[in-house]
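Peer 1: Since the structure of chain P is provided, determine the placement of chain C on it from the hints.
If you read the protein sequences in the order shown, they are chains P and C.
Under the working numbering, the first residue of the first sequence is numbered 127, with each subsequent residue one higher.
Under the working numbering, the first residue of the second sequence is numbered 127, with each subsequent residue one higher.
It is possible that part of the hints are untrue.
Copies of the same chain look alike in the list, so a pair counts if it works inside one copy or between any two.
[Unchecked claim] Derived pair list, reagent style DSS-like, types lysine-lysine, alpha-carbon separation capped at 27 Å:
#, residue 1, residue 2
1, Lys142, Lys272
2, Lys372, Lys308
3, Lys308, Lys160
4, Lys143, Lys258
5, Lys130, Lys272
6, Lys157, Lys308
7, Lys146, Lys160
8, Lys137, Lys157
9, Lys198, Lys137
10, Lys160, Lys137
Keep in mind that the hints were calculated from the coordinates and are not lab data.
Here's the letter readout for the chains.
There are 2 protein chains.
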Amino acid sequence: MISKNQAKFIKSLQLKKYRKQAQCFVVDGEKGVKEAIRSDFELVQIVCTESFAESSEALFPKGVEVIMASEKQLSQISSFQTNENVLAVLRQKPNQIPQIGASDFVLVLDDIRDPGNLGSIIRSADWFGVRKIIASPETADFYNPKVINATMGSFSRVSFGYTDLVELFSDTDAKVYGTFMKGSDVHSFSFAGPAYIVIGNEGQGISLEVERFVTDRISIPGVEGAESLNAAVATGIVLDNLSRLKK
Amino acid sequence: MISKNQAKFIKSLQLKKYRKQAQCFVVDGEKGVKEAIRSDFELVQIVCTESFAESSEALFPKGVEVIMASEKQLSQISSFQTNENVLAVLRQKPNQIPQIGASDFVLVLDDIRDPGNLGSIIRSADWFGVRKIIASPETADFYNPKVINATMGSFSRVSFGYTDLVELFSDTDAKVYGTFMKGSDVHSFSFAGPAYIVIGNEGQGISLEVERFVTDRISIPGVEGAESLNAAVATGIVLDNLSRLKK
Numbered sequence: 127m128i129s130k131n132q133a134k135f136i137k138s139l140q141l142k143k144y145r146k147q148a149q150c151f152v153v154d155g156e157k158g159v160k161e162a163i164r165s166d167f168e169l170v171q172i173v174c175t176e177s178f179a180e181s182s183e184a185l186f187p188k189g190v191e192v193i194m195a196s197e198k199q200l201s202q203i204s205s206f207q208t209n210e211n212v213l214a215v216l217r218q219k220p221n222q223i224p225q226i227g228a229s230d231f232v233l234v235l236d237d238i239r240d241p242g243n244l245g246s247i248i249r250s251a252d253w254f255g256v257r258k259i260i261a262s263p264e265t266a267d268f269y270n271p272k273v274i275n276a277t278m279g280s281f282s283r284v285s286f287g288y289t290d291l292v293e294l295f296s297d298t299d300a301k302v303y304g305t306f307m308k309g310s311d312v313h314s315f316s317f318a319g320p321a322y323i324v325i326g327n328e329g330q331g332i333s334l335e336v337e338r339f340v341t342d343r344i345s346i347p348g349v350e351g352a353e354s355l356n357a358a359v360a361t362g363i364v365l366d367n368l369s370r371l372k373k
Numbered sequence: 127m128i129s130k131n132q133a134k135f136i137k138s139l140q141l142k143k144y145r146k147q148a149q150c151f152v153v154d155g156e157k158g159v160k161e162a163i164r165s166d167f168e169l170v171q172i173v174c175t176e177s178f179a180e181s182s183e184a185l186f187p188k189g190v191e192v193i194m195a196s197e198k199q200l201s202q203i204s205s206f207q208t209n210e211n212v213l214a215v216l217r218q219k220p221n222q223i224p225q226i227g228a229s230d231f232v233l234v235l236d237d238i239r240d241p242g243n244l245g246s247i248i249r250s251a252d253w254f255g256v257r258k259i260i261a262s263p264e265t266a267d268f269y270n271p272k273v274i275n276a277t278m279g280s281f282s283r284v285s286f287g288y289t290d291l292v293e294l295f296s297d298t299d300a301k302v303y304g305t306f307m308k309g310s311d312v313h314s315f316s317f318a319g320p321a322y323i324v325i326g327n328e329g330q331g332i333s334l335e336v337e338r339f340v341t342d343r344i345s346i347p348g349v350e351g352a353e354s355l356n357a358a359v360a361t362g363i364v365l366d367n368l369s370r371l372k373k
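Here chain P stands alone, though its shape is the one from the complex:
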């Protein structure tokens, strides 16, 4: 059974400071763990109930440490009270900035702070096949359990790296599309890669220092009187409009 120290270590990974120290993160629940096993992330540990181990042991990669825990213990060390059968500890990957290819579209996040939004954006990017994502250093932590959980497994299928956006854009010939309240109608916009698609912060939108690199302003038409869209929803809509043109 799981020891106090093991439980303490896994719980500590809820905090960015300890995740960074250990270069590890946690994936909760059956679905996420199965995606993690299929992915190229290094599996450090699997913690699960005996009944889960019995039914799923065949899936576990050879050599990975498997630790037994009761349902109660699992829900205590997990970030989610609803997790009662399995979690996995994975090794973080070194930070690497995805390179933009000849006709690529790369999603760029300018300070997306809400972990739920970040996870949901990664999930949409995976859905629409825009699997290179670059985030500003102030964006929420990719390895935050709320982010990982909200990706519904998509965390394992995208290339994601953090970098200073001014540096990134200072050194590129690619177009830089920005989403704004006013700009070209996304319904008739001619997306043409290579291009970066910048999504702004939830409250402030795209920052001034990033805005000066924007070559094309895009907006999602709405009716009068309404305020704005959630950042993750706006990202999904832009990617859906991009995917229409790929057909």
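Peer 2: Just chain C now, kept in the frame of chain P:
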């Protein structure tokens, strides 16, 4: 200054049970309160700092009770630690089911459980002018502070009611569009009102008892390998595709 009992009452409104008892709810922060003042919701109380009262008193409707509180007191009674200048207590409206008009589109939520998703959906519906929303009784509470906050003021511009969806659909001639993993491509779908647009639960999708009323299945095309979309993102994308056809 705010009394202990007043503070206790406002804090109690974070829980559905007490919101229901008092038939009140709280709107936090300057933006939301200003939208609330402009709306047709009945204002019960405004709680704010003295400096906020000085700068904004002209906006307060006549006769409304204004209670002073320190920044610290406000952040203690608010659902959001970041709220430090104003909140309002509003009267709930009686539950009323929006009626579908001759060429209307009405959004129907089949057990959207996450308050953030619900708020984000209401915000998108407002943005795209689909301002009639009907929710199943199991859907998150419209008056939950996390919902109200996530709507970014849009709560005040939509008609929202709860009802049993089987009863609703048993008694209508309108079309019932449902979002599924497989169905007609939303990019080429001919939206034609009057129609209900049903959004399913985050995990389970549209329930079996609702599915049998669906006249048209719609889906959002994605690439292979990806899993699904967040319910609020999917709703935004469907509404954006609907709004294209209204042009």
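Peer 1: Determine which of the earlier numbered hints do not hold for this structure and return their numbers in increasing order.
Peer 2: Checked against the structure, no hint fails, so every one of them is satisfied.
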